[in-house]
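Based on the provided sequences and hints, a complete structural model is requested.
Read off the chains here:
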Amino acid sequence: MFYQTPLRTAVLLLFTLACIYAAFTAEYFGVEILTEIIILAMIVLALDLVAGFGGMVSLCHGALAGVGAYIFAIFTAKLGLHPLLAMGIAALITGAVSWVIGTICSKTHGIYFIMATLAFGQMAYSFVFESSYLGGDNGMAGIPRLDLSMIGIDLFDSKQFALLCLACLLVAYLFAWRILTSGLGRSLVGIMHNEKRSRALGQNVVQIKAQVFALSGLILGLAGSLSAQHIMFISPNLLSWTHSGEALVIVILGGLGTLIGPIIGAAAFVLLKHEVSNYTDHWHLIVGIILIIVVMAGARGIYGEIEHRIAKRCAKRVQKEQAPKQAKEKTKEHSLSHAGLKKEH
Amino acid sequence: MDISFWILQLLNALQLSMLLFLLSVGLTVIFGLMHFVNLAHGALYALGAYIAASVAASMGYWAGVLVAPFAVAVLGLILYQFLIKRMRSSGPMAQVLVTFGLIFALLDITRLIWGDLALALDVPELLAGRVSIGGIEYPVYRFFVMAVGLVALVVLHLMLTKTQLGAMIRAGVDNDKMAACLGINVERLFFLVFCVGCALAGLAGAVAAPLLSVVPEMGVDILIPTLIVIVIGGLGSLKGAIVGSLIYGFVQTFGAVFAPQLASVMIYVLLALVLVMRPSGLFPAKGG
Amino acid sequence: MKKVAIAAALTLGAFNVANVSAETVKVGMLLPYSGVYAALGNEIEAGFNLGLQEFGPDLDIEIVKEDSEADPGKSLAKARKLVLQDKVDVMTGIVSSAVAGALRDFVHGAKVPLMVTNAGNDSITGSSCSPYISRFSFSNSQVNGPMGQWVYDQGITKVYTMAPDYTAGHEMIEAFTKTFEAAGGQVVGSEYTPFRKTKDFGPYLAKAKSSGAEAIYTFYAGGEAISFVKQYDSFGLKSSLPLMGSGFLTSPLYVNAEGPAAIGVKTVLHYVPTIDSDMNNSFVQKFQQLNEGRSPSEYSVAGYDAAHALALAIKGGADDRESIAAAISKVSFTGPRGEVHIDPASNNIVQPLYVYETVAEGDGLTQKVLAQLPTTKAPADGCSL
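Protein chains in written order, with our numbering: chain A, 1 to 345; chain B, 346 to 633; chain C, 634 to 1018.
Source of the hints: derived by calculation from the structure; they are not laboratory data. Incorrect hints may appear among the rest.
Claimed, not checked - 30 Å max Cα-Cα, derived BS3-like pairs, lysine-lysine:
{"no.": "1", "chain 1": "C", "residue 1": "K871", "chain 2": "C", "residue 2": "K1001"}
{"no.": "2", "chain 1": "B", "residue 1": "K430", "chain 2": "A", "residue 2": "K273"}
{"no.": "3", "chain 1": "B", "residue 1": "K522", "chain 2": "A", "residue 2": "K107"}
{"no.": "4", "chain 1": "C", "residue 1": "K791", "chain 2": "C", "residue 2": "K871"}
Set out below in structure tokens:
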């Protein structure tokens, strides 16, 4: 089950403040990187929602965000719709596409689920790559940004655009939180722990999974339309499977099933990549080795590890005080979610 | 389009299937026993090709094709001792992630050692040229690829069904804990199978090199087709690997003949269809 | 190395005024240093650096390097960084056509001169040309267009075409098809193979063989070119179905990996290292000295000539974005590939083309120039500068 623990709230607040600070102090490219981090954070948040709480390790989340970006681009650059409306449409259509993919794929498990989602991601990639209407491999230019000048916000200013993205990320976080604490979210976690039991209880397992996948798709549609506006250009590369793979890596790097962890992971991954690529063209090597070290150090991820240590310390203290109930439950919860992680393939 | 055209295409499909079989069989055997997908398999294949090409440059093709599997197996041995073994208890996702990190690292290591330019590896004298069967001229080397794949299939099949080692591996695939209880050193079995899987990847690289190009991105490019093959066929089983390879090879080849504009999408549609009908692929191993 | 440039950029920010008076020209170099096109990125940079050494050793030029990763989105972000943060005076590089397309509106709007050193998409100096974008490499139709007549003149009337299914593949083949059909030839079959996903060209080659064509005309590059040429040869098609195409197929950068399979392939390119001229001989010699004996390629020559043009522009007094852009559109010089100049109507390079055959020489392979096609100007194609 998902708990918005004080630690998680604190980290989220800290992250938000750090973003705001960076937006106001960083140089031009620093703000661009910040925006990249925030949009990526939305994608990995959406992925954690399905992977960390539903065991649906999707390898098409990057591609789905790309679908959102393309839908936004079609409705604005091609059809001339208002960007705000287009953002809504992009989110809805991406959500609907995700629902279809979720429904079809949720019969499969583990690596088969990964591959089934990969297949859909690759289909979308090939379609976009070969569609002359969508510009094929050349991509599409001339994508507008949302115009909020009537309320005094200039989104062509990279700082203000970054802050808008940050606001969207926070909304997405609250949305994911709301889903996970709702009946639907609880059922989902139940399914992840024991699918047969849920089915025996009369739940429509496929529908529950598909619905959460669709809700995750809503976030992806939003993230995609933001990334299209950020670069103001899109190309099929957005849908490439390596992006989906990277998203998966980030989720696990940050801490699967913690919601806030992947956000931290996104920041860590992007900053690491940029720092390393300043020194060498062979940044793949360094990032790969760091990834291996992080995973070897404990599969909980960066935030997961922090949370685990704090929880362990708290549990000890509370045990001493002879009032073990609440804290124990929390640690139990944590180890449970890892059991789920291990069981699944 | 006479009959010889179709026989030619049939041979092309078989050749591609056998190449993919060589690649996927190592991956599927590792999965069958250890329950994790070694994403670095493609990178090991690329290393095999690079090693074969460098050795062949000074000592000839046959030396290259012999050294490559051993060299990659040694690398597999090192990887197993330092990474995979320690990750045995951390669950499949963590292992997948480690191998994902390995893709990144190995890609750049290849670039650092051999540079960005393509390496040359020509077909050896013995296998150059074509044979003529019933008016159809077909390259000898392509027959060689088919033969290597077939030999690998037969040897692995015999080893798994007729030898004691094979029986132990099958027991491990079915239930590794039970196998351990019966006195089988499962840990050593894992180690052995992992090295054999890596050697097969290296062999595939060496065999594919004269046919394709030896470039840094070859490992990443081959990963997805290999995964598709083993997932369609069902993970962990020899039968699955060969059936998956044949399906992939025939769909790609005849897709290119009949509907080239759909060739790139067709295999993914097929993958999705198979998984909808059979959520665990066509012939999954029992233990998987 | 990149760190140095960035450190320099930071110092520049701090001492802005001092630097402006020194009139340093900042060059933003946007090339792929990782990913599939890394080899081309390094090749172009080697050419560019040699060109600067040669033509402007005493010029005050500072280079800021960025890795484009050959990704249009990432490249656009990096280009914005070079322009808005590093405040470069001129940009160079760009290997992938998609990246060139992605950058077009931005550099045009920001009025920053961009000297393209590879990307061959027709539109960048055609329908969406810009006074700020010049090209020192080639355009897809420029290279392939003249081949239609040449192939027909060799007595070949039926051709089967093959190329990867993406923009460059289509543009190259369409340009050839147009002139070949105009000359009286017939394209009996045409195939676009999935880009970077095709491992086995066997099925396509078998189709070409049974199509009744007299030759194959093709465009492939990099790893695909190597696989294609090797597989073409393994089917023994050389005698019955000669292979022709745009010269990237047997580029000096890749031909050694193709080996004897490439012998006899006849292709066209704007540069081969065996062009016999003093200018080229000295270029080849210097390039080989710096690159372990490796001959330059059509990629490095584009970097070399771009550096040459930039040096000429700066020597002519250009020192900011506007004046560099204006000077570059008028540039004209003799380089390794012969006489070249920038077409003021489109900002594309005007250059001779070389039809060459890959032949054996000693242990290796070399390019034997069969014909020098007249200096060609790409059609304006809707461009009005």
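Going through the hints against the structure:
1. K871/C x K1001/C: 18 Å, holds
2. K430/B x K273/A: The hint holds at about 28 Å.
3. K522/B x K107/A: Holds, at about 28 Å.
4. K791/C x K871/C: Given that 30 Å is the threshold and the Cα spacing comes to 16 Å, the pair holds.
Of the numbered hints given earlier, the model fails none.
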